[in-house]
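Asker: What follows is the residue order along each chain.
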Amino acid sequence: MISLRPTTQRVLVLLQTLALLSTGVTVGAEEISTFPAYIDSDLCSRLMLGPITPERVACSEKTHKEGSNAVIVRLRDNIVLVPNKDKMVKPFVGKMAEVSGELKIKDGRIKLQGAKAFDQATLPTGDPARKLLDVRGSRSPTSPKLYEKIRHELAMMPYITEFDFISFSLQDDTVLLTGWTVRITNRSTAYNVVKNIEGVANIINNIEVLPMGSFDMQIRAGARAALQRYIPRYFWGSGSDVKIVVKNGNIILLGTVATKADSDLAYMQCNQVSGAFKVFNMLRVQSSESAKKG
Amino acid sequence: MKTNRSILALSAVAIAILATSGCSRESKPGFKKMAAGKEDSGFLSDYSKLTPNTRFEGQARSYARADALKNLHKYVAVIVEPVEVYLATDVDEKNLPDNGRTALAQYFQTAVTSAVADAFPVVTEANPLVLRLRTAIVGVDSGSQNTAGAKSENGSEELSRALNITKVGVEMELVDSVSGEQIAAFVDRAPLGAGAEVGAVHFSRYEKFVAARQAFDEWAQRVRDFMDHAHELSPEDAQKASASYRPYGQPGN
Numbered sequence: 157m158i159s160l161r162p163t164t165q166r167v168l169v170l171l172q173t174l175a176l177l178s179t180g181v182t183v184g185a186e187e188i189s190t191f192p193a194y195i196d197s198d199l200c201s202r203l204m205l206g207p208i209t210p211e212r213v214a215c216s217e218k219t220h221k222e223g224s225n226a227v228i229v230r231l232r233d234n235i236v237l238v239p240n241k242d243k244m245v246k247p248f249v250g251k252m253a254e255v256s257g258e259l260k261i262k263d264g265r266i267k268l269q270g271a272k273a274f275d276q277a278t279l280p281t282g283d284p285a286r287k288l289l290d291v292r293g294s295r296s297p298t299s300p301k302l303y304e305k306i307r308h309e310l311a312m313m314p315y316i317t318e319f320d321f322i323s324f325s326l327q328d329d330t331v332l333l334t335g336w337t338v339r340i341t342n343r344s345t346a347y348n349v350v351k352n353i354e355g356v357a358n359i360i361n362n363i364e365v366l367p368m369g370s371f372d373m374q375i376r377a378g379a380r381a382a383l384q385r386y387i388p389r390y391f392w393g394s395g396s397d398v399k400i401v402v403k404n405g406n407i408i409l410l411g412t413v414a415t416k417a418d419s420d421l422a423y424m425q426c427n428q429v430s431g432a433f434k435v436f437n438m439l440r441v442q443s444s445e446s447a448k449k450g
Numbered sequence: 038m039k040t041n042r043s044i045l046a047l048s049a050v051a052i053a054i055l056a057t058s059g060c061s062r063e064s065k066p067g068f069k070k071m072a073a074g075k076e077d078s079g080f081l082s083d084y085s086k087l088t089p090n091t092r093f094e095g096q097a098r099s100y101a102r103a104d105a106l107k108n109l110h111k112y113v114a115v116i117v118e119p120v121e122v123y124l125a126t127d128v129d130e131k132n133l134p135d136n137g138r139t140a141l142a143q144y145f146q147t148a149v150t151s152a153v154a155d156a157f158p159v160v161t162e163a164n165p166l167v168l169r170l171r172t173a174i175v176g177v178d179s180g181s182q183n184t185a186g187a188k189s190e191n192g193s194e195e196l197s198r199a200l201n202i203t204k205v206g207v208e209m210e211l212v213d214s215v216s217g218e219q220i221a222a223f224v225d226r227a228p229l230g231a232g233a234e235v236g237a238v239h240f241s242r243y244e245k246f247v248a249a250r251q252a253f254d255e256w257a258q259r260v261r262d263f264m265d266h267a268h269e270l271s272p273e274d275a276q277k278a279s280a281s282y283r284p285y286g287q288p289g290n
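Listed in order, the protein sequences are those of chains Y and Z. Count the first sequence with this note's numbering and you get residues 157 to 450, in order. Count the second sequence with this note's numbering and you get residues 38 to 290, in order.
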């Protein structure tokens, strides 16, 4: 057996410790990504799809001020990421920022490390991150037939309830799925039905699965009971024209109603639901839309 | 002194006898027997609305409420109740080990929960939007005796007598968690467990009990298949859904 001098032993132990520590750091470290992004509100990021227009900026600032959390929209592919702490990005809502953090793309989350102001003019021409900045992206789908096929398949999903809202946009062969759902299966089903449609090459899935805490469940039950009582014509056996998205105590009303009076009534009734913090009324009114088109 | 000690000892024995006799009189929770000559266990709150379901092989019966205000589509989560075990009519329950029956119930509860959770998130509080998922394994029989000893080579306890699931069927119902009204029910008599035995507490880990594990997994999947089918849109609702759905975010919408 070889016996070592005490000094040598101590050096060996120190080297072993350093080796172990460095291994731990390597194993424990997640990859940090840095990228240009648009800081949006959760509400607008999932509804106002497409380029960063003045309307979108106004939506982001207004709804964030009213209580919708800040989220990060990666410019190059439109993916929405929910930050672990929105304090770092709150000052940038409605603006561009360069953010860095550990990405969890599958969950749609980012563990933020930093955020700083970003000048979009510094983006090179042709950079994929310019996609969202090009207002020419704000146009009707190039293939109405493909759009209608996608729309129909999503409408037929069997597990959609009045508490789910799934939307999408189509640009060339890329589908951007978005919205909120109370069921994991809806997020994956939406992706799978769209994936199987001929003509679709890329899918970005920004559908968020909502938590099912008892507080939000009580608000859901209260909101539906109120709306079924006061505007029952919008509800049928397996669905409804009015969608009630409840997230962290806030209610988002979506869908289409016939008149402004119905929209106002829905908003008022949801405001009276016990426990609800804030109601975002995003209902579209059929009569005013027809007038605009006329 | 000796007399006091004797009195104390006798008292202790008496207390012990009273305590255990009280326990043995209580029926074991969740373990019941099929009544003689009856097709159904009595587990469901109502059997009268069940009709044959030809989508499933093996004499399945089912019911799904069609009320516009109270049907499966109106619920978004479930509370999964503990699975109940019904023994076959002619089995001597003293021969069947408690831990074996518990193992069956727990495995099937996990299997059913996994099968439905992505469509029906599992919650713990009753609510007008929540269903109670109640399931029972009916017709468990006694199987072969374990003569090899109490411990398997992996250290997990083998049952003193195996449970035979050849005659087993599944009964399931979904009830409103607030009112208790039955919203859907499914009785499945498919002989998926033919010849299969459960001979260990952690039977799912062992190759020799794979037939039993597969049978339970398949029964759980059939429960899910029933729920999927019950969720399909009627032609009328499909038309309404298509007319109503207008995505946000695309110019012109």
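The set of hints was computed from the structure by calculation and includes no laboratory data. Predicted model only: the values in this text are computed from it and were never measured. Note that beta-carbon positions come from the ideal geometry of N, C-alpha and C, so glycine has one too. Where hints are given, some of them may not hold.
[Claimed, not checked] What the simulated footprint calls covered on chain Z by chain Y, stretch by stretch (three residues with Cβ under 8 Å from a Cβ of chain Y suffice, anywhere in the stretch; the number is not a length):
hint : stretch
1    : 76-85
2    : 101-110
3    : 135-142
[Unchecked claim] Quick list of in silico lysine-lysine cross-link-like pairs, DSS-like style, CA-CA up to 30 Å:
hint : chain 1 : residue 1 : chain 2 : residue 2
4    : Y       : K434      : Z       : K107
5    : Z       : K107      : Y       : K351
6    : Z       : K70       : Y       : K416
7    : Z       : K277      : Y       : K305
8    : Y       : K434      : Y       : K416
9    : Z       : K245      : Y       : K403
10   : Y       : K403      : Z       : K86
11   : Y       : K267      : Y       : K218
Asker: Next, verify each hint and record whether it holds.
Answerer: Cross-check of the supplied hints:
no. : hint             : in the structure
1   : 76-85            : violated (count 0)
2   : 101-110          : holds (count 5)
3   : 135-142          : violated (count 0)
4   : Y:K434 to Z:K107 : holds (28 Å)
5   : Z:K107 to Y:K351 : violated (33 Å)
6   : Z:K70 to Y:K416  : violated (61 Å)
7   : Z:K277 to Y:K305 : holds (16 Å)
8   : Y:K434 to Y:K416 : holds (20 Å)
9   : Z:K245 to Y:K403 : violated (48 Å)
10  : Y:K403 to Z:K86  : violated (38 Å)
11  : Y:K267 to Y:K218 : holds (25 Å)
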